[in-house]
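Protein chains: 4
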Amino acid sequence: MAIVLGPNQFGKAEVRLVHVDRSTPVHRLTDLNVSSALRGDFAAAHLTGDNAHILTTDAQKNTVYAFARDGVGEIEEFALRLGRHFTGSFDWITGARVEIEQYGWDRIPVDGAGHDHAFSRAGAERRTTIVTVDGADAHVVSGLAGLVVLKSTGSEFWGFARDRYTTLPETDDRILATDVRAEWDYGTLDVDWTPAWERARATLLEVFATLYSRSLQQTLYAIGEAILAGEPAIKEVRLSLPNNHHLHVDLGRFGVADQREVFHASAEPYGLIEGTIRR
Amino acid sequence: MAIVLGPNQFGKAEVRLVHVDRSTPVHRLTDLNVSSALRGDFAAAHLTGDNAHILTTDAQKNTVYAFARDGVGEIEEFALRLGRHFTGSFDWITGARVEIEQYGWDRIPVDGAGHDHAFSRAGAERRTTIVTVDGADAHVVSGLAGLVVLKSTGSEFWGFARDRYTTLPETDDRILATDVRAEWDYGTLDVDWTPAWERARATLLEVFATLYSRSLQQTLYAIGEAILAGEPAIKEVRLSLPNNHHLHVDLGRFGVADQREVFHASAEPYGLIEGTIRR
Amino acid sequence: MAIVLGPNQFGKAEVRLVHVDRSTPVHRLTDLNVSSALRGDFAAAHLTGDNAHILTTDAQKNTVYAFARDGVGEIEEFALRLGRHFTGSFDWITGARVEIEQYGWDRIPVDGAGHDHAFSRAGAERRTTIVTVDGADAHVVSGLAGLVVLKSTGSEFWGFARDRYTTLPETDDRILATDVRAEWDYGTLDVDWTPAWERARATLLEVFATLYSRSLQQTLYAIGEAILAGEPAIKEVRLSLPNNHHLHVDLGRFGVADQREVFHASAEPYGLIEGTIRR
Amino acid sequence: MAIVLGPNQFGKAEVRLVHVDRSTPVHRLTDLNVSSALRGDFAAAHLTGDNAHILTTDAQKNTVYAFARDGVGEIEEFALRLGRHFTGSFDWITGARVEIEQYGWDRIPVDGAGHDHAFSRAGAERRTTIVTVDGADAHVVSGLAGLVVLKSTGSEFWGFARDRYTTLPETDDRILATDVRAEWDYGTLDVDWTPAWERARATLLEVFATLYSRSLQQTLYAIGEAILAGEPAIKEVRLSLPNNHHLHVDLGRFGVADQREVFHASAEPYGLIEGTIRR
Chain A
-18 MAIVLGPNQF GKAEVRLVHV DRSTPVHRLT DLNVSSALRG DFAAAHLTGD NAHILTTDAQ
42 KNTVYAFARD GVGEIEEFAL RLGRHFTGSF DWITGARVEI EQYGWDRIPV DGAGHDHAFS
102 RAGAERRTTI VTVDGADAHV VSGLAGLVVL KSTGSEFWGF ARDRYTTLPE TDDRILATDV
162 RAEWDYGTLD VDWTPAWERA RATLLEVFAT LYSRSLQQTL YAIGEAILAG EPAIKEVRLS
222 LPNNHHLHVD LGRFGVADQR EVFHASAEPY GLIEGTIRR
Chain B
-18 MAIVLGPNQF GKAEVRLVHV DRSTPVHRLT DLNVSSALRG DFAAAHLTGD NAHILTTDAQ
42 KNTVYAFARD GVGEIEEFAL RLGRHFTGSF DWITGARVEI EQYGWDRIPV DGAGHDHAFS
102 RAGAERRTTI VTVDGADAHV VSGLAGLVVL KSTGSEFWGF ARDRYTTLPE TDDRILATDV
162 RAEWDYGTLD VDWTPAWERA RATLLEVFAT LYSRSLQQTL YAIGEAILAG EPAIKEVRLS
222 LPNNHHLHVD LGRFGVADQR EVFHASAEPY GLIEGTIRR
Chain C
-18 MAIVLGPNQF GKAEVRLVHV DRSTPVHRLT DLNVSSALRG DFAAAHLTGD NAHILTTDAQ
42 KNTVYAFARD GVGEIEEFAL RLGRHFTGSF DWITGARVEI EQYGWDRIPV DGAGHDHAFS
102 RAGAERRTTI VTVDGADAHV VSGLAGLVVL KSTGSEFWGF ARDRYTTLPE TDDRILATDV
162 RAEWDYGTLD VDWTPAWERA RATLLEVFAT LYSRSLQQTL YAIGEAILAG EPAIKEVRLS
222 LPNNHHLHVD LGRFGVADQR EVFHASAEPY GLIEGTIRR
Chain D
-18 MAIVLGPNQF GKAEVRLVHV DRSTPVHRLT DLNVSSALRG DFAAAHLTGD NAHILTTDAQ
42 KNTVYAFARD GVGEIEEFAL RLGRHFTGSF DWITGARVEI EQYGWDRIPV DGAGHDHAFS
102 RAGAERRTTI VTVDGADAHV VSGLAGLVVL KSTGSEFWGF ARDRYTTLPE TDDRILATDV
162 RAEWDYGTLD VDWTPAWERA RATLLEVFAT LYSRSLQQTL YAIGEAILAG EPAIKEVRLS
222 LPNNHHLHVD LGRFGVADQR EVFHASAEPY GLIEGTIRR
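Residue numbers (our numbering), protein chains in the order written: chain A, -18 to 260; chain B, -18 to 260; chain C, -18 to 260; chain D, -18 to 260.
Think of the hints as simulated: they come from the structure by calculation, not from any bench.
Pairwise CB distance ranges (calculated):
1. D:Met(-18) with A:Ser221: 49 to 57 Å
2. C:Gly116 with A:Val7: 53 to 61 Å
3. C:Ala126 with D:Ile(-16): 21 to 29 Å
4. B:Gly95 with D:Ala24: 55 to 63 Å
5. A:Asp173 with B:Ala(-17): 23 to 31 Å
6. A:Ala183 with C:Asp118: 47 to 55 Å
7. A:Leu228 with D:Arg65: 47 to 55 Å
8. D:Asp171 with C:Ala(-17): 19 to 27 Å
Negatives, chain C to chain A, calculated, CB over 10 Å:
9. Ala(-6)
10. Glu58
11. Asp171
Chain B stretches covered by chain D per the calculated footprint, using a threshold of three residues with CB under 8 Å from any CB of chain D:
12. 81 to 93
13. 99 to 113
14. 189 to 197
15. 224 to 233
These numbers were taken from a predicted model, which means no experiment stands behind them. Where is the CB? At the ideal position from N, CA and C, for every residue including glycine.
Build out the structure end to end from the sequences listed, making use of the hints.
Below, the structure is given as structure tokens:
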């Protein structure tokens, strides 16, 4: 059986682009991590080392910077611009994948107002998008990563299956905490990206906060369902929710009356709950 | 359009299992990072919070430890044992994914011989496997991660496409370095796992070392082709090769004659070359 | 010359303690990373393996949890309680060092108000303290880490020394960014810790934002000076400020008019400016 | 009380320098991480923003690369060259601190022999040095970091102090594992650096392997004592040894006879044992 080249792509990963809009004294900061990859006919490079079809990863990086010249705008639009440019640049480049993470910055407060040009980095959360261009088609998946949330009550976990390796006690009151990775997959490009992102994020947080949870699976599904219910343009929600275990420390061992208020936040190993909710 | 649950799974990630075989005074150490995930009918947990079908991630972790009691053996076999156990444990669990990374340890040399029970950790490289069980079927993908390699010559990069954003100079002699992530996908379970792994790894290293490279794409393909040629049981090889750029530092700027021997090892941003080679 | 035991200490590092005050329906969350170390007469353990003087690191961890039973309060007070307890526990334990990092959490907003028991993690910044107890004496150093700040203008860097290896262009307008590690060393324990911390932090941010900076050294000194001027209880400020380089990308190379608005945020290598300001 | 500038320094951190000696077809690779910092009279930069005394961190980086032109040699000598150069460059620069980590690379074996110009990265261990130049004086501390070692028997821990928070069981057979950070402080510059480093490292490993250990403290002291006994040029050894806990998993809970061969390798929280041994 012959040996052949299968799916392949190449690009530049983690281009850290900062754009400062200085058009007014009130600067606006955009801070991105951009990764691009190209798809198409690159067989010669693989088989014979003929690089004539290779648009270098260095040129891809340069393109990211050059396209930021007049501002970045919404990351979905920026990724679409990049993806369509790459796909339109040479006949043999038929597809592109552009992934962007956006870091948040707050204005430093001085005398009760945000400063014009001094900023502090917001939390670890990133707004994300993955844009795939395939010929004339384009496809947008947006979402977020690094959003760490915790409920100190309103979460149970009991009634689960039991086998000989099941030793976990049931609980009707536990800490539920997770580090949300969410992706929402749009069925259209006719979207007002930022308001849609803000609504989806707000829905996610509100469901997490208000749902009385019997499992992380239930929370996951309810979040996906609510995001879909609120935004017709989204066709599928994917969630990956590590269970950031907070283990109750039994203080009774030390001769003090335990009140279930002291926990060990454990990073190892962790439950990982993943699911897709769709129309 | 109704909202429904799509693909989902849950499990315990990064169970750090160390097994010491103490059956003789010459101990044998096995050091693993195991992640499991279960698939099947978990709709009730998601939709109503009824956990009767949930085999807890805690029980999955316990199973990993319990199954190590009589030794781990090859990671492919250990993952198959775990995956088949989970799939066979309850009617509603129809599939499992078990991923294992194995860390290497060397015996500490004392008086010219390896010590019986004292070890030092080998490099960052891990032997890996991903086993997927789907009903009666099982499927093994093995490989490695964290293998960092470098060629100080025997690598060119020129003749690539040029657009207005291409500024990279051509070179007929560069450092080629990468951090190999390789997966080889077996078409059968009738494999002598460890010898097959060792042969694939040796082939990978030998091709990297001896191929005169005109691009990382060419090196990638040649590695995949050679692994496939050497092992009929493998049906596909997947490689993900970051380009660990080593940027020549032009010492001429400082008034000294440059000899192209001094480089800046850059971690940002990096080229990423990914490809599949198959029969 | 005889070989002797010099300074030594041992303890438990990175005890991740979460306390939930559930005394009212509006829960309060305290999230800490606590490291303790003990000093004293531990010669026998080192020289002969006699552990009679060793208060185990496991017991130190347990103590951290047990002491949180009735709430943690301010981290400086919690560290003092722990340090004095350890030092008072056995004759041969004459000193202790307790280091605490506190992570921030915000209430998740629901219907315009913060939720009673649902939280999201604030940024990467941590409030820190290092308490050293030596016999009857105690000493508190507070501060912060992980506060990332950036000025998009109002920063110059020119007029520096030149040798044959100096190639950096002068600039009268650059991005100034850093990841602040600050410690302020108190000369007394008679401090209202939280208000003092908040004032020092606010001063730091305000000076960073408003000072027209000719170097990171100047900014560093001005921050320290302002903190000292504002708080008589502080005797010394120590700052460690990496220069998070934002390198201007010259878009002119791509045939577009450059506006100095596009930057590469580089993580490698970085300037590191460290200094002490004191009375 | 006046506010004044205290100790301060600035430099470039983590300059990643790779040198390839191509003088023969058998290339030699040197891979370093270099951090420099300068001390002296930098008051004007701090107080008034006058940078005339600042030798930029960029120039420090350039110097590291330029000095590598004719080869790096032993890291201690390279750091001494750099430190003395900086200190001798301008009157107001009176001291320098140069820290170097060296990464190891092995030749890739091809046909039973190491390849001329293809290498694979050795483990996470780094050879380290910290050189401090103060006027005409220079001082060298060498060592290693990232050396992970484990004994699967030959380690006890019992007879320790007990208070109300002590719940740790005694054990006469445990896994002892640590991630060694060692520094040895030379009292002279008249040292054959590489053989001395190799002997100290071999001694460290041999003592770890062969000493029957009653505590990590005892192991720490014995290592330091043996290094000092073997090398008169060393005046002090400093060791920082995290206790990489390997927790026995009691399989009896799952109805199988436990053999004490299965362990959970825990990363949180960890004991940390630090000590100095000197003449």
